[in-house]
Amino acid sequence: MRGGVAVARGASRAAVLLGAALFALPLIGLFSRAPWGELGEIVGDGSVATALGLSLRCSLLATALAALIGMPLAASLAGPATAGRTALRVVVTLPMVLPPVVSGVALLLAFGRNGIIGGPLYELLGLSLPFTSAGVVLAEAYVAMPFFVLTVEGGLRARDRGLEDAARTLGAGPATVFLRVTLPALAPTLRAALLVAWARALGEFGATITFAGNLGGETRTMPLAVYAAMESSPGAAVALSLVLVAVSGTILVLMRRQWFPVR
Amino acid sequence: MRHGGPVSWIVVAVLLAGCGGAREDGPTITVFAAASLAAPFEALAREFERRNPGERVALHLAGTPTLVLQIREGAPADLLASADEENMARLREAGRVAGDAVVFARNAMTIVTPQGNPRGIAGLRDLERKDLAVLLCGPEVPAGRYARRLLEHGGITVASRSDEPSVRAVVTKVELGEADAGLVYRTDARAARDRVGEVEIPAEENVEARYPLAVLRGPREEAARRFADFVVSEAGRAVLADAGFLSP
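Keeping their order, the protein sequence lines are chains A and B. When we follow the numbering used here, the leftmost residue of the first sequence carries the number 1, and every step to the right adds one. When we follow the numbering used here, the leftmost residue of the second sequence carries the number 1001, and every step to the right adds one.
Everything labelled a hint here was simulated from the structure, so no lab data went into it. For glycine and all other residues, C-beta sits at the position ideal for the given N, C-alpha and C. It is possible that part of the hints are untrue.
[To be verified] Heads up, simulated SDA-like pairs for lysine to any residue below, C-alpha to C-alpha not over 25 Å straight-line:
#1 B:Lys1130 with A:Glu218
#2 B:Lys1130 with A:Gly217
#3 B:Lys1130 with A:Leu125
#4 B:Lys1130 with B:Glu1175
#5 B:Lys1130 with A:Gly126
#6 B:Lys1130 with B:Glu1198
#7 B:Lys1130 with A:Val5
#8 B:Lys1130 with B:Gly1155
#9 B:Lys1130 with B:Glu1152
#10 B:Lys1130 with A:Tyr122
#11 B:Lys1130 with B:Arg1119
#12 B:Lys1130 with A:Leu127
#13 B:Lys1130 with B:Leu1150
#14 B:Lys1130 with A:Leu215
#15 B:Lys1130 with B:Ile1156
#16 B:Lys1130 with A:Gly4
#17 B:Lys1130 with B:Glu1200
#18 B:Lys1130 with A:Leu190
#19 B:Lys1130 with A:Thr132
#20 B:Lys1130 with A:Leu124
#21 B:Lys1130 with A:Leu121
#22 B:Lys1130 with B:Pro1202
#23 B:Lys1130 with A:Ser133
#24 B:Lys1130 with A:Gly119
#25 B:Lys1130 with A:Val226
#26 B:Lys1130 with B:Ala1101
[What the hints assert, rightly or not] Computed far set for chain A versus chain B, every beta-carbon distance over 12 Å:
#27 Gly10
#28 Gly46
#29 Gly84
#30 Ile117
#31 Arg191
#32 Arg256
Just need the whole structure built from these sequences, with the hints factored in.
Set out below in structure tokens:
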């Protein structure tokens, strides 16, 4: 019996090591092939700072947009199940499972110069979203929003309704209840939702290059810069990847309390 | 939740095994070809299989720089058909090319417009117009380099709205009307001729894209050599000419 336990323990340890290796090896690959000597030169090049700045700006705006549009959707989805809500859930979740390139094509057909909305927008106002930073924000918000909506919805479902009932019996109106009771109780969930949406927006590639294109300073975010560099100089691509790894690592460290259970 | 029976687990296991990278020892020839060669190489592969029963040709299509990178990182390729000579030279430096590379086809650049050329583009000079959204490929892919060389040669300054990753992306966005014009290979415009318009660039203003082909070092050099010979044969040239490529 004891032998069996030891074997099981050994096997589970081996499984953990194997799993960890699967995640660690690609990172080790990046570090082992990094052009350390020229790193400063490659990263110090102005175009990297431009791409990184654009990435941060667009991803933050996209997160804000996703939160603004996503909040009412999450509140609605958290309500009792109806046919309408099921349909809504399918529509909202779809970008999460669609290949991002497909999302890019879909955005193009809706918001492009000949698109359903984009067409009239262009005819009347001369506005065209593809090949602009606004297009990047829209593409990133489109793919990041489901992560925000589903996380917030989960938090809303799991919340303690007793507090809201108590506030109502004490005479608070629906707006006061939402702002003073529901929202503060939801703060940790909101923070987590904003973070996953931001992480998704920051890493977004397929929908961006398809819908917004790839132009330095306007739509070439970090992932696009890595892809372009991969075609010309793999060393530079590895250097750019390291910058992204560093940014993501910093986010992890800053947000450790949200993602790692507190001991 | 209902758990899947053992059968479904077996199905998953078989699917996973099928996805494995295990390389078959059969007579499959793996051909890496530039994205712009997609249509003629599909045809060449099928025709080669028809003429050589028992042999199989597996095609892998991508931008030439991607192909070169993948081969240098150990992708199991037996043959490379590149869209330019620079990338082929890079692979040769890496010691992966067996024998010599031969130029088997040539191509030229052309201007694509949405169908009917609604903005009335007459030639390269018009691409300077500020009211036009023009697309080029990025300078890292051969088509982007050729386009820039040709513009520079003519002293024409074009502000590309986006450095697209492939000629296909340029054609698609022009077809959708997101851009007013794009510089692509002649063969791409031909392939999409019922969806986009074309404004030809005269030979004296054009550049020549040269496509080299090389057998790569490895266990199947002999079979790869047979396919390479077929590509440069009379029959192979006819397939390439059908797609709009010029003979070398």
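Going through the hints against the structure:
1. B:Lys1130 with A:Glu218: holds, 17 Å
2. B:Lys1130 with A:Gly217: holds, 19 Å
3. B:Lys1130 with A:Leu125: Within the cut-off at roughly 18 Å; holds.
4. B:Lys1130 with B:Glu1175: holds, 20 Å
5. B:Lys1130 with A:Gly126: holds, 15 Å
6. B:Lys1130 with B:Glu1198: OK: lysine 1130 (chain B) and glutamate 1198 (chain B) at ~20 Å, within 25 Å.
7. B:Lys1130 with A:Val5: Judged against 25 Å, a Cα distance of about 75 Å means the pair is violated.
8. B:Lys1130 with B:Gly1155: holds, 16 Å
9. B:Lys1130 with B:Glu1152: holds, 18 Å
10. B:Lys1130 with A:Tyr122: Roughly 17 Å between the alpha carbons, so the hint for lysine 1130 (chain B) and tyrosine 122 (chain A) holds.
11. B:Lys1130 with B:Arg1119: Given that 25 Å is the threshold and the Cα spacing comes to 12 Å, the pair holds.
12. B:Lys1130 with A:Leu127: Given pair lysine 1130 (chain B), leucine 127 (chain A) holds - Cα atoms ~16 Å apart, limit 25 Å.
13. B:Lys1130 with B:Leu1150: The given pair, whose Cα atoms are some 19 Å apart, holds under the 25 Å limit.
14. B:Lys1130 with A:Leu215: Distance ~17 Å between lysine 1130 (chain B) and leucine 215 (chain A) Cα, so the pair holds.
15. B:Lys1130 with B:Ile1156: With Cα atoms ~13 Å apart, lysine 1130 (chain B) and isoleucine 1156 (chain B) stay inside 25 Å; holds.
16. B:Lys1130 with A:Gly4: violated, 76 Å
17. B:Lys1130 with B:Glu1200: holds, 21 Å
18. B:Lys1130 with A:Leu190: Roughly 45 Å separates the two Cα atoms, so the pair is violated.
19. B:Lys1130 with A:Thr132: OK: lysine 1130 (chain B) and threonine 132 (chain A) at ~16 Å, within 25 Å.
20. B:Lys1130 with A:Leu124: holds, 20 Å
21. B:Lys1130 with A:Leu121: With a Cα-Cα distance of about 20 Å, the restraint between lysine 1130 (chain B) and leucine 121 (chain A) holds, given a limit of 25 Å.
22. B:Lys1130 with B:Pro1202: holds, 23 Å
23. B:Lys1130 with A:Ser133: Distance of about 19 Å is within 25 Å: holds.
24. B:Lys1130 with A:Gly119: Holds, at about 21 Å.
25. B:Lys1130 with A:Val226: violated, 30 Å
26. B:Lys1130 with B:Ala1101: violated, 42 Å
27. Gly10: holds, 24 Å
28. Gly46: holds, 17 Å
29. Gly84: holds, 26 Å
30. Ile117: holds, 14 Å
31. Arg191: Holds, because the least Cβ-Cβ distance between arginine 191 (chain A) and chain B comes to about 30 Å, which exceeds 12 Å.
32. Arg256: The claim holds: arginine 256 (chain A) sits with its nearest Cβ about 32 Å from chain B, beyond 12 Å.
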